[in-house]
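Peer 1: Same order as they appear, the protein sequences are chains C and V.
With the first letter of the first sequence counted as 1, position 346 gets the number 346 in my numbering; the numbers rise by one all the way through.
With the first letter of the second sequence counted as 1, position 16 gets the number 16 in my numbering; the numbers rise by one all the way through.
The set of hints was computed from the structure by calculation and includes no laboratory data.
If you're wondering where the values come from, they're calculated on a predicted model, not measured in any experiment.
Built from N, CA and C at the ideal position, the CB exists for glycine as well.
Just so you know, nobody snuck in bad clues.
The list that follows gives simulated cross-link-like pairs (lysine-lysine, DSBU-like), each with its CA atoms no further than 35 Å apart:
id, chain 1, residue 1, chain 2, residue 2
1, V, Lys340, C, Lys40
2, V, Lys329, V, Lys346
3, C, Lys57, V, Lys373
4, C, Lys40, V, Lys362
5, V, Lys57, C, Lys338
6, V, Lys362, C, Lys57
7, V, Lys305, V, Lys176
8, C, Lys57, V, Lys286
9, V, Lys57, C, Lys328
10, C, Lys205, V, Lys10
11, C, Lys249, V, Lys129
12, V, Lys305, C, Lys57
13, C, Lys156, V, Lys249
14, C, Lys176, V, Lys249
Counterexamples of contact, computed for chain V against chain C with all Cβ distances above 10 Å:
id, residue
15, Ser136
16, Glu154
17, Ile181
18, Val187
19, Gly208
20, Glu236
21, Gly341
22, Leu382
2 protein chains.
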Amino acid sequence: MAYSSIEELKLRYEGLRRPFRESIILNPLQTGGRLTEAAKSALMEFGDGYSVCDHCKGRLDTIVSPPVADFVYQDLPTFLDADTVRIMHGAREGKFLVMHAMTSPGDTILVDRNRHYSTDVAAERSGLKIVKVDNSGGIERRINVEDYIPLIKEHKPKLILLTYPDGNYGNLPDAKRLGEIAQEFEVPYLLNAAYAMGRMPLSLKEIGADFMVGSGHKSMASAGPIGVLALRKKWEEQLFAVSPNYKTKEVECLGCTVRGVPLMTLMASFPSIVERVKHWPEEVEKAQWFSKQLEDLGLQQLGEKPHLHDLMMFDTDLFYQISLVHPKKRAFLYDGLKAKGVSGLKHGLTQSMKISTYGTPKVDLEKVLDAFKEMIVPYAHLRK
Amino acid sequence: MAYSSIEELKLRYEGLRRPFRESIILNPLQTGGRLTEAAKSALMEFGDGYSVCDHCKGRLDTIVSPPVADFVYQDLPTFLDADTVRIMHGAREGKFLVMHAMTSPGDTILVDRNRHYSTDVAAERSGLKIVKVDNSGGIERRINVEDYIPLIKEHKPKLILLTYPDGNYGNLPDAKRLGEIAQEFEVPYLLNAAYAMGRMPLSLKEIGADFMVGSGHKSMASAGPIGVLALRKKWEEQLFAVSPNYKTKEVECLGCTVRGVPLMTLMASFPSIVERVKHWPEEVEKAQWFSKQLEDLGLQQLGEKPHLHDLMMFDTDLFYQISLVHPKKRAFLYDGLKAKGVSGLKHGLTQSMKISTYGTPKVDLEKVLDAFKEMIVPYAHLRK
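Could you put the whole structure together from the sequences, leaning on the hints where they help?
Peer 2: And the structure:
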């Protein structure tokens, strides 16, 4: 169990390198979190622990230099069209905060079948019962938000949650229609926008949600861990009650949340984020083009079509067929991509693969397609 | 409210600089969190969001490359003499996790009077009643751990907490004796070691605590936010129950905790941390020397004497007397230190000041003393 020397530890930990740093990345977890140059500078500038807090007067989000207060109380709410914003450790911590503050153990919440697992663990940590709104099944697995209505009537949930888009198929359900439903039935509505906020335009008020969470490391060009919780003013008091003995400290935030450099990277990347969401239609077009190329090679895209998000899942039965006859067996896919400088697929073979084209130049995606072609064309006869 | 252009945002956020980066730092929050060179490299290497997760197979702390699993399941437990370790977002998040998992709303916990405010907000977030063990008052404000006994008998707390050392006076109460008391009365014992873990030698088992939390950004040469929770095996099941539907995901951790680069800085600094705690006696000696120099100038050190930690509080009545006659009034202290390249005191004057000498070379501390001398000597007649 024990290490025997400092030298052993130095060998193990001091030279940590990331082999994929120069790769073309396909992993949907990673494409939206790549740092901007400004964020890289901020990383070096504020790397030392608690260096954000040089001028703190009692709470992180009131710091004026660096301009955290401007960011949290002015620019982020403007960007998200929300009344109030708080910095979280990530989207899941935002979901937990909302659930913990808005419900009591034993309450029921309504979630979509396509949700991220962290929605479940956040609900379980809050002692909640989870009722699921199913998807359409089949290839598209759509969430029809009208299906929330009978379940709201039946279960009287304390909160409804929608994942927009989900992290498997990249489906974008009708979040705005669910906003109308939530208002009609007067049930608080939480939108998990971890794959939307920072990638595509997003307005809390236009959607009609009460709460919205995003992820800096997933979609806002930030170092992790960091997330954003945006909300309507009406819930401020319930969510952010202060400690009776420490009048500046919000109990649900444990006083201060992200006490460190991820916040500085989020702030440094923010101008680029505001700019890049304007180019969302180009990202969607690129994703659709990429999907068509892969389908032409014999891989079926799952989820909604036409696809409206860069996150896509493909059925990989063809890869399975190839693996049965390929000399490298199940390793052929991962190795084949790696040899071309492409990373982000899981090791081994799974029944499907998830790919994101976000922020990746078309010239790099062409290289990815070439790699797939080289692997598939010799085995094209295996296509069903 | 709204920003009017991307250009405006670029000016505000893209060139974030830390003015104190080259200063001699006195702020106790910051002296133990300065990065090692290895941590700075890790910062650049793993800055991109979710880059830690290139080879994830389902949970952060089981990642083999980079060697997170070795770190969490082998080397950190060895270092802390604990059975089990988990990575937290910070010490306070560790305290909340323990409280949330070990108690029910309405339960009572026992804490020391010198605790950090985040102990209170963590307890309040868990719906707990807080009973306080008082300190001795006077100049030393010691916590006598024997005072826990009558309050344990009276209130039957579900958890007792001790702050070791506290963040105001840097007092180190008899944590080991409290371990015996906790075992005698069979009450779980949580040690807040945010200013100890990574600075001084620390053994969970020798102290006899059930849980121990530390802070990477405060005392382990890490970028924030990151913390450590160490515990005894007997509590593993209660704290880290997995989700019924996701068998690798621990509910209290919301699946994965620090999904990003602070974990890489903690790992990269770990060999230096293991090394530096061996030099703790030299740090204590330096703190005592520094304290004596300041006392010779007329500032009274509060808290335990002889002082056994680098975090120290000084009564600053003399500064108040000086401010009454100094041309710069209350700004003389902050400005005087800043002019000498010293940072880390609060703006304006307070009744006391907190200083840490941790990791600061003696030659730099001499410069600090010179700065104090220049400010005090012309007004030495104001000493009481």
